[in-house]
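Top to bottom, those sequences are chains A and B.
All letters in the first sequence, in the order written, are residues 1 to 371 by the working numbering.
All letters in the second sequence, in the order written, are residues 1 to 504 by the working numbering.
There could be a bad hint or two in this list.
[Stated by the list, open to error] Taking lysine-lysine and the BS3-like style, the derived pairs with C-alpha atoms no more than 30 angstroms apart in a straight line are:
hint	chain 1	residue 1	chain 2	residue 2
1	B	Lys132	A	Lys180
2	A	Lys144	A	Lys79
3	B	Lys240	A	Lys79
4	B	Lys67	B	Lys415
5	B	Lys381	A	Lys80
6	A	Lys169	B	Lys132
7	B	Lys433	A	Lys180
8	B	Lys122	A	Lys79
9	B	Lys499	B	Lys472
10	A	Lys144	B	Lys45
11	B	Lys381	A	Lys276
12	A	Lys180	A	Lys167
13	A	Lys276	B	Lys45
14	B	Lys425	A	Lys180
15	A	Lys144	A	Lys322
16	A	Lys80	B	Lys425
17	A	Lys105	B	Lys240
18	B	Lys415	B	Lys381
19	B	Lys132	A	Lys167
20	B	Lys240	A	Lys80
21	A	Lys180	B	Lys415
22	B	Lys122	A	Lys167
23	B	Lys144	A	Lys169
24	A	Lys167	B	Lys130
25	B	Lys45	B	Lys240
26	A	Lys276	B	Lys472
27	B	Lys499	B	Lys415
28	A	Lys180	B	Lys381
29	B	Lys144	B	Lys122
30	B	Lys381	B	Lys425
31	B	Lys425	A	Lys276
32	A	Lys180	B	Lys67
33	B	Lys132	A	Lys144
34	B	Lys415	A	Lys144
[Said to hold, decoys possible] Facing chain A, from chain B, some residues (calculated, C-beta under 10 angstroms):
hint	residue
35	Met113
36	Glu140
37	Phe160
38	Pro236
39	Lys240
40	Met408
Hints listed in this document are in silico derivations from the structure and should not be mistaken for laboratory results.
On a predicted model such as this, the values are computed, not experimentally measured, just so you know.
Glycine residues also receive a C-beta, built at the ideal position from the N, C-alpha and C atoms.
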Amino acid sequence: MHELFISIDISTAWQVVLLGFIGGVLSGFIGSGGAFFMTPGMMNLGLNGVVAVASNITHKFGKALVGSRKHAAAGNVDKKMAGFLLVTAVIGIQIAVSINSYLFKSGADSHGPGDSPAANLYISLVFAIILSAVAISMLRDILKSKENAEDEGGPSMKIAEFFARLKLKPIITFEIADAKVSLWVLIGVGIATGYLAGTIGVGGFIGVPAMIYVLGVPTAVAAGTELFLATFMGAYGALSYAYHGFVDLRFVMLLYLGSLVGIHLGVYGVKVVKEKYIRVVTSVIILLCVFSRIIAIPVYLRKLEFLSYAPELDTYFQASSKLFLFASGSIGVLVILVQVIRAYLQRRKIQKTLLVVRQPAAQQNSSVKIA
Amino acid sequence: MAIVMISGLYQSGQEELAQILVKKTKWPVIGREDLLDKARELGVKIGRLETAMVKGAIIKERLAREKELYLALITATLCDKASEGDFIYHGRMGHLLLPGVSERLRICVASPMEDRIDRTTKSLNLTPEKAKSYLEQLDEDMMKWSRFIHQVEGYAPGHFDATFNLETINLRNVCEIIVSMAALPDFSSNASEGRQLENLRLASKAKLRFALDERTGGMDLQVQANNGVLTVTYPPHQEKSSQYIPEVLDNLEGCREIQCTMAETNILWVQERFEPDSANFHEVTQLAQRWGAAVELMRLVAPEREHEVSISSGGNVIHPYTKKSCKFAYTGGVEDDDPEEADDGGLTLTQEELIRIGKSGGSQIVCGYSRILDNVKSSGKYALVVIGNMFLSKGHSAQIRLTREFVMNIRDRIKAPVITTDELKSEFFFGAKQGLKLLGCLALVILIYAAVFTHQEELIAFLSGPMHEKMKWLSPIVVFLFIPIIASLYGSIAGMILKVINID
């Protein structure tokens with residue numbers, strides 16, 4: 001077995017399938033790629049951070065390819081916008097792949113080819129910082145909207161309003177998204193999305209809100225365009241990482257076994273659960289995932305000699321991180337599945353037409369019949 | 001009766017035309033500002049709707065309820081005005097109001113940009129450059145407004161009955177032409193048109209009552225009126241509030257029956273003849289059951305079969321594309337008519353069956369194929385549009401070809417997925433064909449997984465080991481080709497299995 005890749009026994013295989021299933025349900029429910037759960041999950045199973053990111057981006061390529069067809073059929077894909085973002089996102093991915101590969105190689109010199117604490121630490125830190133910011137801002141908006149009933153529960157629109165006023169030429173018009181956007185803003189959003197997709201495998205998490213709140217794109221078009229974009233970004237990321245020898249196809253295939261079933265259940269959940277509930281569940285699960293990754297950080301710090309403690313403790317840190325991640329993901333998915341099952345059963349009961357017939361002469365006299 | 005709707009870009013001359021027309025015809029005039037004042041009195045936040053144009057899409061999405069209230073108020077006011085007789089309306093996108101009422105005479109007035117700049121310079125005391133940029137911004141906002149409020153490109157030629165370029169014709173001559181046009185049979189009212197206006201009025205008044213009543217103000221309701229029958233669908237999570245629906249509609253003029261159906265969404269089923277015993281009915285209702293949807297029926301009357309139509313079915317009749325061919329009159333009354341005697345294409349029986357099983361989403365009759373699209377767009381949001389038997393007067397092959405062409409045509413123009421009844425089974429149900437496909441995909445997937453997991457060492461050597469070092473370019477190609485295949489194959493299996501257990 002090549003030292004970069006781990007051996008997969010039945011227990012590991014089931015854990016990866018479960019990881020895919022949880023990631024798939026969360027992905028369908030939240031509308032992101034689910035990488036925020038799957039990437040650290042694979043790292044917790046002992047996979048090198050770069051291989052975890054590479055395998056996840058490859059997994060995302062196939063999943064987005066399947067998912068974007070439905071959005072395209074519904075007219076939710078702005079191909080022109082996706083084209084602009086793709087060009088800039090490729091630059092972002094390339095930056096991420098270069099940094100990851102460099103850190104991987106520099107770490108490999110001192111710790112062997114299968115271990116790269118510098119790359120792992122870097123990925124974990126970016127993961128923790130970005131996703132903490134996303135989750136905290138979501139929670140803050142939910143709390144704010146509770147105080148202000150007029151706000152209807154949506155997130156703050158200050159950023160969107162700022163960018164709507166900003167008219168840096170050249171301005172590009174997007175017909176399907178019904179938006180006019182400065183090329184410079186597009187470049188910024190594209191590079192950031194590509195960089196994050198390439199660094200931690202989380203692209204949609206940034207891409208979709210950025211399209212909605214920065215570019216002013218309708219929600220359905222943002223989700224469809226991001227998925228369409230993810231197909232190409234995923235393909236490019238997969239090609240780049242595969243060229244460097246970081247893609248573990250076995251992990252990708254096992255992830256599919258769980259994720260492609262889970263995503264259907266998650267999407268079904270979105271249709272039947274209130275938006276506020278989705279946002280609360282999302283932000284709490286993200287925060288728990290971030291916390292789980294933070295627990296693993298001391299291991300990388302020790303290996304890089306920034307921290308000193310007995311190496312035996314590494315097992316405990318890693319086990320706690322893994323346990324925490326799986327527990328939070330499983331609880332999150334259980335909460336979602338309970339809602340899905342409840343809605344599924346409720347739908348079977350929806351069979352009701354109340355008929356009120358009024359006499360034309362005296363409308364007060366009504367007869368009521370329930371079918 | 002004449003309803004003249006005059007639209008045009010800012011300072012194009014529509015107000016002047018309306019004034020000249022008033023002088024000549026003595027028809028009452030109503031402007032957009034009059035309606036806005038009324039809307040403000042009722043608490044509609046017009047300012048928020050207007051500023052939503054320059055803000056992000058998310059703001060527009062949040063204002064969906066405000067938009068519904070605004071449209072309901074305007075429609076109800078214009079319908080009331082129409083019930084008093086002729087009238088002229090001038091204002092932004094006026095031609096898009098009262099959808100489906102074909103007696104509207106929709107006029108577009110266009111003026112050269114230079115003239116518009118000149119008028120704006122004088123009226124707003126601006127420099128010509130500033131007036132030009134002001135007009136350009138305003139025109140752009142108007143287009144956004146039409147997309148936001150009416151979901152169409154506002155100034156597409158198909159939305160108008162006549163467009164006048166004031167560079168080549170003066171307002172007095174335009175006025176003469178409009179008066180002559182309004183006298184044409186195509187724009188004069190008949191009983192069935194009156195019924196269409198009455199349906200619009202009833203639906204919009206009901207929407208207004210719901211929006212303004214605190215017990216139903218927060219509900220997500222779909223309202224459809226049809227010959228005095230109001231069909232209201234409400235989502236399951238608002239079941240508790242649904243008890244107030246009949247109370248809120250109490251004493252609503254013109255409402256003789258209310259059907260309240262609990263549904264998460266609506267399925268529109270369009271065809272020429274309905275049969276409650278047919279396999280198609282069973283499939284559509286089965287799908288509605290799975291999705292928690294109400295089924296709305298739209299009976300299509302082909303222009304050559306109009307003489308067979310009886311309005312006594314309670315259907316909401318809309319003119320065909322060629323207006324003069326719809327000559328039948330509204331005969332009134334619904335409940336006592338015998339469906340055996342009056343051939344309504346099985347609409348009444350099918351709707352009764354839908355009410356019995358608790359899936360009724362209302363019904364309507366549309367004369368002429370081209371009217372379907374207008375009606376689908378104005379009726380509301382659908383989870384699915386099902387196109388059933390059509391072109392029944394043609395041969396079997398022609399029926400299939402024409403139906404396919406028709407579906408392709410409307411598929412591109414509406415956002416809801418459109419499907420034929422023949423495709424229902426393969427798309428949403430699990431039959432023998434799907435079973436074979438599932439077995440095939442499953443066999444392939446098992447083979448691929450077995451091959452990969454019994455040759456892990458070789459695979460890793462190829463992806464990252466010595467083999468990869470020799471041929472670095474090969475593994476990206478293999479990954480690029482392999483991933484879509486495995487994702488599609490396994491994705492199909494997962495989708496089909498979930499279809500079997502009715503989760504989609």
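- Message: Could you work out which of the previously given hints the structure breaks and list their numbers from low to high?
- Response: Result: hints 2, 3, 7, 8, 9, 14, 15, 16, 17, 20, 26, 31, 33, 34, 35, 37, 39, 40 break, sorted rising.
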